[in-house]
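Chains as they are written, first to last, in the numbering used here: chain A, 108 to 277; chain B, 11 to 225; chain C, 62 to 738; chain D, 7 to 319.
Check before you lean on any hint, since a few could be wrong.
[What the hints assert, rightly or not] Where chain D lies over chain C, by a calculated footprint (3+ residues, C-beta under 8 Å): (1) 485-495; (2) 585-595; (3) 627-637; (4) 694-703.
[Unchecked claim] No more than 25 Å apart at the CA atoms, straight line, and that leaves these computed lysine to any residue pairs for SDA-like: (5) K612/C to L21/D; (6) K113/A to A290/D; (7) K155/B to R293/D; (8) K155/B to F655/C; (9) K612/C to R54/D; (10) K113/A to Q39/D; (11) K113/A to L21/D; (12) K210/A to T208/D; (13) K113/A to A37/B; (14) K155/B to Q39/D; (15) K210/A to H209/D; (16) K210/A to S274/A; (17) K210/A to R630/C; (18) K86/B to I289/D; (19) K291/D to T106/B; (20) K210/A to R296/D; (21) K210/A to T213/D; (22) K291/D to R650/C; (23) K86/B to L111/A; (24) K291/D to T168/A; (25) K210/A to L620/C; (26) K210/A to R618/C.
Simulated from the structure, these hints should not be mistaken for laboratory data.
Please read all numbers here as calculations on a predicted model, not as lab measurements.
Where is the CB? At the ideal position from N, CA and C, for every residue including glycine.
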Amino acid sequence: MGLLSKILHTGIVTEPLPAGDSEVVHLVREVDAEARRLFGRALGIREVDAGSCNGCEVEITGLMSPVYDSERFGFHFVASPRHADLLLVTGPVTRNMEVPLRKTYEATPAPKLVVAVGDCARSCGVFAGSYAVVGSVDRVVPVDVFVDGCPPEPAHILQGILTALRSGRP
Amino acid sequence: MVSQLSVGGSTLVLLGGLMMLWRRGVAAHIGAFTFQSVALAATMAMVGWFAGDWQLWAVAAALLLVKGIGIPLLLKRMERRFGSERELEPYVNTATSLLIGGLLVLLAYIVTAPLVSVSRLPTRTGMPLAIGLVFVSLFIIISRKKALTQVLGFLMLENGIALLAVLGTHGIPIIVEIGVFLDVALGFIVMQVFVYQIHETFESIDVEQLNRLRE
Amino acid sequence: MRALFFLMVTGYATGAAVALGLGTGPLARWASGLAAVVGAAAGLGLAAGVCMAGTGFSLAAPDLLASAGGLAFRLDGLGAVFLALTSLVAAPSALYGVGYSRALDGRPAQRQAGFMLNLFMLSMSLVPLADGTLTFLLFWEGMSLASYFLVMTEADRPEVSEAGQWYLGMTQLGFACLLGAFLLLPAGGPTTFVHLRAAAAVLPTGTRDLVFVLAVIGFGAKAGLIPLHVWLPRAHPAAPSHVSALMSGAMIKMGVYGLLRIGLDVLGGGPAWWGALVIGLGALSAVLGVLYALTEDDLKRLLAYSSVENVGVIALGVGAAFLFQSLQMLPAAAFALAAALFHAVNHAAFKGLLFMGAGAVLHATGTRNMNRLGGLIRGMPWTAALFLLGSVAIAGLPPLNGFVSEWLLFQALLPGIGASSPLVAVLMVLALGMLALTAGLAAACFVKAFGITFLAIPRSPEAAAAHETAWSMRTGMTMLAGACLFLSAASFAILPRLSAVAAPLVGLPAPGPVLRAGLTLQTPDGLAQMSPGIVAASLGLVVLVAWVAVKRFASRRPLRVGETWGCGRVVQTPRMEYTSTAFAEPLRRIFAEFYRPTEDVSIDFHPDSRYFVQSISYRSAILPWFERYLYAPVIARIRLWSERVLTLQSGSVHAYLAYLVAALVLLLGWLVVTGQR
Amino acid sequence: MSPWLLAPMQGAVALMLAPGLVGAIRWMKARLQSREGSPPWQPYLELRKLFAKEVVVSSNASWLFRAAPFIVFGSAVTVTLLVPLLAVPLPLGGAGDLLVVVYLLLLGTFFLALAGLDPGSPFGGMGASREMTVAALAEPTMALAIFALAWGVGSTNLGQIASRTLSTPSEALAPGHVLAFAAIFLVTLAETGRLPVDNPSTHLELTMIHEAMILEYSGRYLALIEWAAALKLLVFFSLLGNLFAPWGVASVITPGALLWAAVTLALKLLALGGVIALVETHIAKLRLFRVPELLSASFILALLAVTASFLLR
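Work out the full structure, taking the sequences as your base and the hints as a guide.
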C-alpha cells in the first residue's frame, strides 16, 4: 500500500522531450528518428568494461534511470552480445580485457556498432603508458564513435550513440 | 449457496494458517493472523445472516475487534520491543511444512467425513476445513521455534475451534463465546508474560534457548 | 496359430542350437540372431492373431514332463499383450545383439551368450503362454536363470559378479514367494488357470489375501517395485545392452503380467486394500525411481532407475483397476487397466530403444559415465537422433506414445476422485499428484540423459573419438523407434483392442468401454478426447510454415559460426561445461532431506597462505535409504550366520558324513512323527 | 463461416497479440517505476529487427540448436489452436485437452533446455538445469488444478470447462474454482519466468533461469524464441481468463461475436498483465532455493481447490 501511494505521488519523472536543455532535446529527437530508421527503433546495447575506473559506468547507469530513461527510445541493455546491436566500451583496454573485448565484438551479429565512452577509451587517460594497458579501444576493435568526457554526461553518451547510428551505416 | 459460502469462508480462514507455515517474517505472520481473524469474523457474520441469528453478529463484531484489531496491535508492539526475529530455521523446513499442512487438511477431510454425513446443516461442508485448521495450528505450535510464532499458533487454534463451533452448531450461545474469549485473553496475557520473560533471560525469544535451563 | 506357435518355438530353439553348434564366428552370430528374429516375428504374429480374432489359442502337451502333470499352453488377450511386447523387443534386440556381441568373437563366452539369449527369449515368450502352475513356474524360472547367465556374461568384472549375486538373491526370494502363492492355491487336481480360478473362488478370505500379498512380493521383485527393486539398477547396467533392453523392456513386465494373472484372473479381484497397496507401491516406485534416476551419472543405471519409475506408473494403473473393480466401478477399472497395459507396451518400445542407444554409446566410447561423455551427436548422428526420439517418448511429451499412455492414465485416475469413499478420493488425488511430479521429473531426467551424453563438447578423448555403430545395431534401434511412432499414431486403433482385453478381467462383457471416437482417443464417459495424430500433424504443419516463412521473409545473411559466448573467457574447455552431477544439483538440493547425500570436500591450501587453494576435491554419494535401513541389516545378519556356518566346515570327510547321517535321522524321525498322526 | 477457419484464426490472433501483451506489461511496469518507458508496441519492433539480423551460431552447436527454435515456436503456436481464445467449441477441441496444452508447452521447454546445453556454455547448462527443475516442480500443481477444474464437468476438455462456467455463472465463484485460479496464477509466474521466480529483465547470468538458456541465440532464432515465450505467456493468461471467466468467448460463430471475443480477450489479457506488473513492482526475486516453497504453496492451493470440490459435491 505504501509503495502504491508513493508511486502515485511521484508520478512520471522522466524528463519530457520538450523540456530542459534545448540542445539535448534536439539531439534526443534525432536519436529517436535515427534509431527508428536503422534498427527499427529497437537497439540492443551491450556494455563492455574494458578496464575503466567505473566513472563512465555510473553515467551509463544514469541512462537507465527514470530521469533519462533510454528505454523510451527503444534502447535496452542486453545480457549477451548475441542479442546486441551496439557495444558500449569504456576504459583503456587493459591486457586482461583485450581478448575478451575482441571476443565480444566477434560474438555480436552484424550489423553492429561500437561506441567508445570516456577519455580513457580514446587516449587511455591517466592510465596511458601503463604496462597493464594495451591502448585505446580502436586498437582492438573498430570504433564508430568516441564520446569524450571524464566521465561524459548521459546526454553526451546519447549523442554518441546517435552519431554512431548515423555514421556507421550498416 | 450457504454451503458454497461456508466452504469459501473456511478456506480463507484455513489459508491464514497455511500462510503462517509459508512465510517467515514476524510481520507476515501477524498479517496472516489478522487476515484469518477478519475472514473468520466475516464467515461468522455470513452464517449469522443466513441463520437470522443476531447473536452471531455480535460475536463476529467482538471477534473483529479483539482478534482482528486488538491482538495484532499488541503483537506488533511486542515485535517492536523484542525486535523482529524471523523464523529462520524451523524444525521442519518450509516446503515440507506446507506439504505436511496439505496432508493434514486431507486427513481432516477423511476423519470428519462421518461427522459431516450426519449433520444436516448447510454449513457442514466447511467443517473439515475447520478441523484442518486445528491440525495445522497444532503443527505450527510443534514445529516452530520462536515463542511469538507459537503464540500465534495458539491463537489460530482457538480460531479453528471457533470456526468449527459456528459451522457445526450453526452458531454458539454468546455466553459460551464470551467465556472462550476470556480464556484466550487470559492465555494470551500469560503467553505475553512468558515471552517477555524468555526475552529477559535469553535476549532472544527462540524457545530452543530453553534447553539451556536444564544445565 | 499352431503353426505360428511352433515357428516361434522352433525359431528360438534353432537360434540356441546354432549358437552352440556353429562356433564363435560371425556366421554363428548372424544365424542365431536371424533365427531369433524369425521366432520373434512368429510370436508377434501369434499375439496379433489372438488379439484380432478375439479367440484364445490353446495347446496341451501332456507328454512333456508327464510325471509332473504335463505342460499346457493357452494364449488369451492378456497373455497376447505381453507376448506381443516381448516379441516387439526381442526381434530388434536379437538383431542388435548380432552387432553388439562382435567383441566376443572367438571367445567361448560368445557361445554361451548366444545360447542363453535365445533361451531367455524363448522362456520369456512362453511365460504369458503358460497355462497352469507347472508350466508357468518352469518357464518363469527358465527366464530368470537365463537372464542371470546373461547378466554374468562379463563376470570377470567385480561389479558384474556383485550384480549377479543381488539379482540371483532377489529372484530366488521372489520365486519362493511365488511358489508359496501357487501352493496355497489348491493343488488337488489339474492346475490349469481355469481350475485354479474355480478353486480360488472358494478359498477363505485370509488365504486369498495371503496369496495376493505373496504374489505382490514375488512379482513385485521381478517387476522392480520399490523396495524390491535393488537388483535392478545393479543387474541392468551389468548386462550386455541388448539384454538390458530385453530385461527392462520385457522381462520386468512379466511381473506385471503375473500380478494381473493371479490377482485379477485367478483370484478375480479382491478388497479395496489390494488396489490401495498396489497404488501405494506404484506411487512410491514412480517418484523414488525418477528421483534416483535424476542423480545417476551412469547412463545405464539412470535408465534402470527410470524403469523402476515406469513400472511404478504401470502399477498405478493396475492398482487403480483393482481398486475400481472392488468398488464396482467396472468401466473405470477396465479403462485404467487398458491404460496400464498400453503404458507397458509403450515402455517396452522406448526403454528398449534407450538401452540400445546407451549400449551404442558404451560400445563407441567404452564408458557409461555421463561426466565423461558429451558431443556424441556429431560422431553418432543416427544413435543421437534415435535416442532423442526415445527420450521425448519416455519423458511423456506429445505427440509420442509415452504421452498417450500418460494421458490415458491421468484420465483413468480421474473417476477415482468421484469415488464415494473419502479415503479413496484422497488416495487418488495423491496418486495424481505423484504421477504429475513423476512426469515432470522424468522430463528433467531425460534432458539430462540426452543433453549431457550427446550435446556440447566431448568431456573425454574417448567421447571425442566416438564413431557410429554397426548398421545391425542401428537397424534394431530404428525398428523400436518406428514402434514408438506407430504406437502413438495408431493408438486410436490399439486402445479398443486393449479395452477388449481388459474388460473380461474386471468382469465386464467383451468389447469393454469405448475408447475411440473416429480418429481420436476418448475416455469411456465420452467427455474428453485426444488425438496424438492430429496434434502431431498440427505441430508439423506449424513448424513447416514457420520454417518456410523464416526462409522467405527473414534476413538472408548466411549463418556465421563463432565461438560459444562465455563472457569473453580466453578458451573454453570441457571442464567448464555443466556436467551430469551439476545438472541434477538443484533437484538434489531441493530433495536433500530425502536423498541425504554424503558430501566430502577437501581443500589443499598453498603451504604459504590459506588464501591460495591448490586443489579442491569434492566427492558426494547417495546411498538409497532403503538399502541402508532395510537391506544392509539383513545382509549383515546373513553374513554373521554364514560365518557361523563356516565353523562347521572342518574339511574332514568324517564330519560331512556325520552331518549327512544326522540329517537323515532327523528326516526319518520327522516322517515317523507325521506318519503316526 | 466455416468453423475450421477458427483454428488458424486463433493462431493468427494469438501471434499478433502476444508481443503486444509483453510490451503492455513492460509499459505498465515502467509507469509504475515512474518512467516513461518504451511504448507497448516495442516488442514488435524488436522482433522485426531480430528477423533482419545476422545469425551467429556456436561452433560447438549441432543441428539441434538450429531446430529447437522452430520446435519451441511450433509447440507454442499449436497450443493456441487448442485453447479457447475466441470461441467454444473449437474444431480442434477433440484433438487436445488441457493436459495436451500443458505437455505441449513442456515439449517446448524440453527442447529449449536441450538447446541451452548444446553450445556447451556453462550458462546454458545452468539455465537448462534450473528451468527443468522449476518445470518439474510446477507439474503437480498444474495437474491438481486441472482436476479441480475438470471436477464439475467430469472432463478435461477445454471447451466443456468454459461452456459449463458460461451456462452456470455461479460456478465462477465456487471456492474450488477460485483456488484453482490462484494456483494456476502462481504456476504462471513460474512457467513464464516472471518475478519472483525469474527476472525477465536481468543482466546477471548467475540469477537467470530462462534467459540463461537463450544467451547463445541471435537473429531470427532469438526472434522465434522470444515470440514463443510471449505466446506462452498469452496462453497461460488466456487459460486464466477464459476458463475461469469465459464471458465474451463466442459460442456462435459470427464475425460480430468473434470480434467481441477478441476485444474481451485483449481486455482480460491487459487486466492480468496489470496484475503481473503490480506484482513485479512490489516484490523482489526469490532465491532459487526458495522457489520450491512458492511452488509448494501453489500446490497447497491446488490441493485445497480439489478438497473444496470434494466438500461441495
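Verification of the supplied hints:
1. 485-495: holds (count 5)
2. 585-595: holds (count 7)
3. 627-637: holds (count 5)
4. 694-703: Three-residue rule not met by the stretch 694-703 of chain C, so violated; n is 0.
5. K612/C to L21/D: holds (18 Å)
6. K113/A to A290/D: Holds - the C-alpha atoms of A290/D and K113/A are around 17 Å apart, at most 25 Å.
7. K155/B to R293/D: Holds: K155/B and R293/D sit about 23 Å apart, inside 25 Å.
8. K155/B to F655/C: Distance ~23 Å between K155/B and F655/C Cα, so the pair holds.
9. K612/C to R54/D: Roughly 14 Å between the alpha carbons, so the hint for K612/C and R54/D holds.
10. K113/A to Q39/D: holds (10 Å)
11. K113/A to L21/D: The given pair, whose Cα atoms are some 36 Å apart, is violated under the 25 Å limit.
12. K210/A to T208/D: holds (22 Å)
13. K113/A to A37/B: holds (21 Å)
14. K155/B to Q39/D: violated (39 Å)
15. K210/A to H209/D: Judged against 25 Å, a Cα distance of about 19 Å means the pair holds.
16. K210/A to S274/A: It holds: about 23 Å lies between the C-alpha atoms, which stays within 25 Å.
17. K210/A to R630/C: Holds, at about 8 Å.
18. K86/B to I289/D: holds (22 Å)
19. K291/D to T106/B: It holds: about 21 Å lies between the C-alpha atoms, which stays within 25 Å.
20. K210/A to R296/D: violated (36 Å)
21. K210/A to T213/D: holds (23 Å)
22. K291/D to R650/C: Cα-Cα ~19 Å, so holds.
23. K86/B to L111/A: holds (23 Å)
24. K291/D to T168/A: holds (21 Å)
25. K210/A to L620/C: Holds, because 17 Å separates the two Cα atoms, which is no more than 25 Å.
26. K210/A to R618/C: holds (21 Å)
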